[in-house]
Amino acid sequence: MDWTLILTSVAGLGGLGLIIGIVLAIASVKLAVKVDEREAAVRAVLPGANCGACGFPGCDGYAAAVASGSAALNKCSVGGANVARSIGDIMGQEAGAVEPVVAVLVCRGGKDVAPARFQYKGASDCRHAALLLGGPKACVYGCVGLGHCAKVCPFGAITMGRNGLPVIDERKCTGCGNCIRGCPKGTLLLVPRSKLVILACVSHDKGRAVKDVCRVGCTACNLCVKVCPAQALAMVGNLPVMDFTKCIDCGICIHKCPTKSFIDRAPGRPKAVINPRCTGCQACVKACPFKAIEGEPNKQHKVLADKCIGCGECRKVCPADAIDMVGALGHARKGTEG
Amino acid sequence: MTSTPTRWQYFADGIIKENPVLILMIGLCPTLATSVSARDALGMAAATSFVLIGSNVVVSLIRKVVPGSVRIPIFIIVISTFVTIIDYVLQAYQPALYRVLGVFVPLIVVNCIILGRAEAFAYRHGVFDSLLDALGKSAGYGLVMLVMGSVREILAAGTWFGYAVTPAWFRTAPVLFMIFPPGAFLLIGILKGIVNRLTASKV
Amino acid sequence: MVNSKAWMVVSLVLTCTIAAVALSQVFSITKPIIDGQSADALKASLSEVLPGAAEFNELEPGTAWSGKDAAGNRIGIVFKTSPRGYGGPITVVVGLDTTGRITGLGIGADMKETPGLGLKAREAWFRDQFRGKSESEVALKRDNGTLDAISAATITSRAVTNGVRKGFAQYSHHLKP
Amino acid sequence: MDPAKILMGAFLVNNIILMRFLGVCPFFGVSTTVDTSVGMSAAVLFVMTLATWVSWLLYHVLLLPLGLVFLRTAVFILVIAGLVQFVEMVLKKYVRGLYSALGIYLPLITTNCAILGVTFLNIDYEFSLLQSTLFAVGTSLGFALAIILFAAIRERLEDSPISPSFKGYPIAFVGASLVSLAFLGFTSLFGISL
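Chains as they are written, first to last, in my numbering: chain D, 123 to 460; chain R, 24 to 226; chain S, 308 to 484; chain Z, 144 to 337.
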């Protein structure tokens, strides 16, 4: 037992351990970072996807802003209402209602209907492809289809469909907006979940120029603006811009559009049915934009189910309240409650 | 993890499902550097296993009394004690193997597997579980080292554990590339690709 | 108690002390064995490069010895240099007979060349090339000499040859009786 | 060894990651984006230089004279661990951005083989304090060069069409193999055999 060696090594290593222990102890006191415990609590509630939808650099940034009181409590669209409510509880204030939003693809120009004008062999990413003459697709406005949105979606809500267009799983989509910011063409839109009818085209061309590059592109024919009962559409830059507050999602524009450029997010639509109270005044026949009602004057009228799109115009004008909207419940339109 | 992993899983995971090198991607430095021949690779794996088992056991023994803020330096001292022990034991009793492993024996102390397991597992589990985990990880590590060492030795020197296993003409012009660092990177890349293919998980 | 500042320092010092005690024990046990090994390894390596030498006495501590055969008359000297190789210093031991020709070359075991590559310097074919060469003939083919280097380990080969030449310059004055 | 050779040797000829296989774990972990690589390289440069000074002084002042050479491993790694923990606290207090960017990788710098490896090489090469500092700076510049170069490649790999099972780490390894092959070309540049 070589005591001198043991003692010197104990002194050496032990001494060093002592010094480091003391330095760390002092440092942990002096350098302690004063963390507001409310910030930690808020941070714990946030989903932690660091998606930036709230406009702050990740959840840490948002939590710090909320704790310091410089941010609204309901900015976390990903977390939605319950996160907003729990932040409200932590901060002791009432969090405003959060309008859940969802991302929607506003371009239907898949490979089948919108051909490419050259073969693109570069990096398989939309942002790279868009740099090359606006991308390989004949329609330069449309979705390039190389899956950048699918890559940046932190929730895996977007997968690329067979025809080269992204498919958005609305159950997984939290409306964080990463895909909207990432898309070089702006063919993705954040819309409130309650909004059902949306124009699915972003081409600013007109008529033949659109027809040449895409079979389902909006040719700015102005028909939808004319037929819209609520005057919710206005033609701006060869595209019908929809005023979400006025639009009643009736769906008339969807069926009137010659190139089927609108999409309907409602899984199903109700149908109009005329009950015996009908006096045969034929007000509904004139009102129906799709000629879906027939019958002799002063007699019980009948709705042709295949033609009726459930827009509810007839119901509005019927003096005898003889028309009901039946089927696809839960998708009643504003003003046309069945 | 729905059901708490059974004891057996602590061990079995280490070999394939949570193989330290190919799945957890830690402990790459010594794997690439000393897997030039099967014998050296196994020597390194054995030394690393000794340290891993020892440190996992000791760390789980003292985990309740270790203050959170200095846990890393304390773990480090425990690990470096075991490393110095194996370092001098090898020098004394296995000088040939020690000469071959060279600077990589003391570098076991910074082998990410050991501190990684100490921090991630041993600090949170009992002694017996930690021992099983260490054995599992060592077996997994040994397996990868054996594969890497064998492939590189056979390609670069035409021998396996020193015995000629390739035709003479091959040994006159072996694939020297595998001895150099690029060969090691390439080999582990291919191995990782195969593992991905098998587990069909995209890392 | 577990997270108080004092315990933080104490636990660190305690672990260090235990480690220090354990390591010093291991060291004191293995040290003699290691020294023993290198002592008789040294004697073995010296006689290996100067065949026929029975005992050696030190000319310069740790770097040069003169060798006597069983009958007691000088048959040459041995010197040790440690040129810097690829991975670190390489101990090179060279035996010279009285005429200044190399009688043998040994390479130390503790070098840290790349395993499986630089370590090939210890193979007999490489070391035997030096036998019988005088100072001027010690050079690699690449440096217009006669010795061929280890394939893919030119750094190590060149380090050894440079070491030998440096040794000649420093120690050959011992040859003149 | 003159200073320029030590610096060039550590920086290019024997790159710490690609040729000596030290520091490979952070090399693959952090190099997904260029800016985290830059952050990591800065941290490595800082910690490696500091660790070299402290370890060199400890070795030549404390260990060698007292004959405690066998404590080398324990002392060096203890010092580095303490140093990294200290750096972590300072970063957390004053440079919040870098702290959140590096996160997990700060404690892993402690187990970064490159830093401890360099302290050992400094001792094995019997460098003076100045030479050790040069070697450390050269090595961390080599670390930075390798990791930033590789991060740029990996960012490009993200978008290239690779078979699913080779995406991620496998293709990164193959990429590293090619970069290492390129560095192999530097061996014994300017006759440096460091």
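Think of the hints as simulated: they come from the structure by calculation, not from any bench. Among the clues, some could well be false.
Here are the simulated lysine-lysine pairs, DSS-like style, with alpha carbons at most 27 Å apart [what the hints assert, rightly or not]:
#, chain 1, residue 1, chain 2, residue 2
1, D, 438, D, 424
2, D, 243, D, 348
3, S, 473, S, 350
4, Z, 236, D, 152
5, D, 317, D, 393
6, D, 294, D, 348
7, D, 348, D, 273
8, D, 294, D, 273
9, Z, 235, S, 312
10, D, 294, D, 233
11, Z, 310, D, 243
12, S, 312, R, 87
13, S, 312, D, 152
14, S, 312, Z, 236
15, S, 483, S, 448
16, Z, 148, S, 448
17, D, 273, Z, 148
18, Z, 148, S, 473
19, D, 294, Z, 236
20, R, 40, Z, 235
21, D, 368, D, 348
22, D, 152, Z, 310
23, D, 393, D, 382
24, Z, 236, S, 427
Structure-based check of each hint:
1. D/438 to D/424: Given that 27 Å is the threshold and the Cα spacing comes to 16 Å, the pair holds.
2. D/243 to D/348: Status violated; Cα separation ~44 Å.
3. S/473 to S/350: Holds, because 22 Å separates the two Cα atoms, which is no more than 27 Å.
4. Z/236 to D/152: holds, 10 Å
5. D/317 to D/393: holds, 20 Å
6. D/294 to D/348: Judged against 27 Å, a Cα distance of about 36 Å means the pair is violated.
7. D/348 to D/273: violated, 40 Å
8. D/294 to D/273: At roughly 15 Å apart (the allowed maximum being 27 Å), residue 273 of chain D and residue 294 of chain D satisfy the hint.
9. Z/235 to S/312: holds, 20 Å
10. D/294 to D/233: holds, 25 Å
11. Z/310 to D/243: holds, 19 Å
12. S/312 to R/87: Given that 27 Å is the threshold and the Cα spacing comes to 16 Å, the pair holds.
13. S/312 to D/152: holds, 12 Å
14. S/312 to Z/236: holds, 19 Å
15. S/483 to S/448: violated, 30 Å
16. Z/148 to S/448: holds, 25 Å
17. D/273 to Z/148: violated, 46 Å
18. Z/148 to S/473: Within the cut-off at roughly 20 Å; holds.
19. D/294 to Z/236: violated, 37 Å
20. R/40 to Z/235: violated, 35 Å
21. D/368 to D/348: Roughly 15 Å between the alpha carbons, so the hint for residue 368 of chain D and residue 348 of chain D holds.
22. D/152 to Z/310: violated, 46 Å
23. D/393 to D/382: holds, 20 Å
24. Z/236 to S/427: violated, 52 Å
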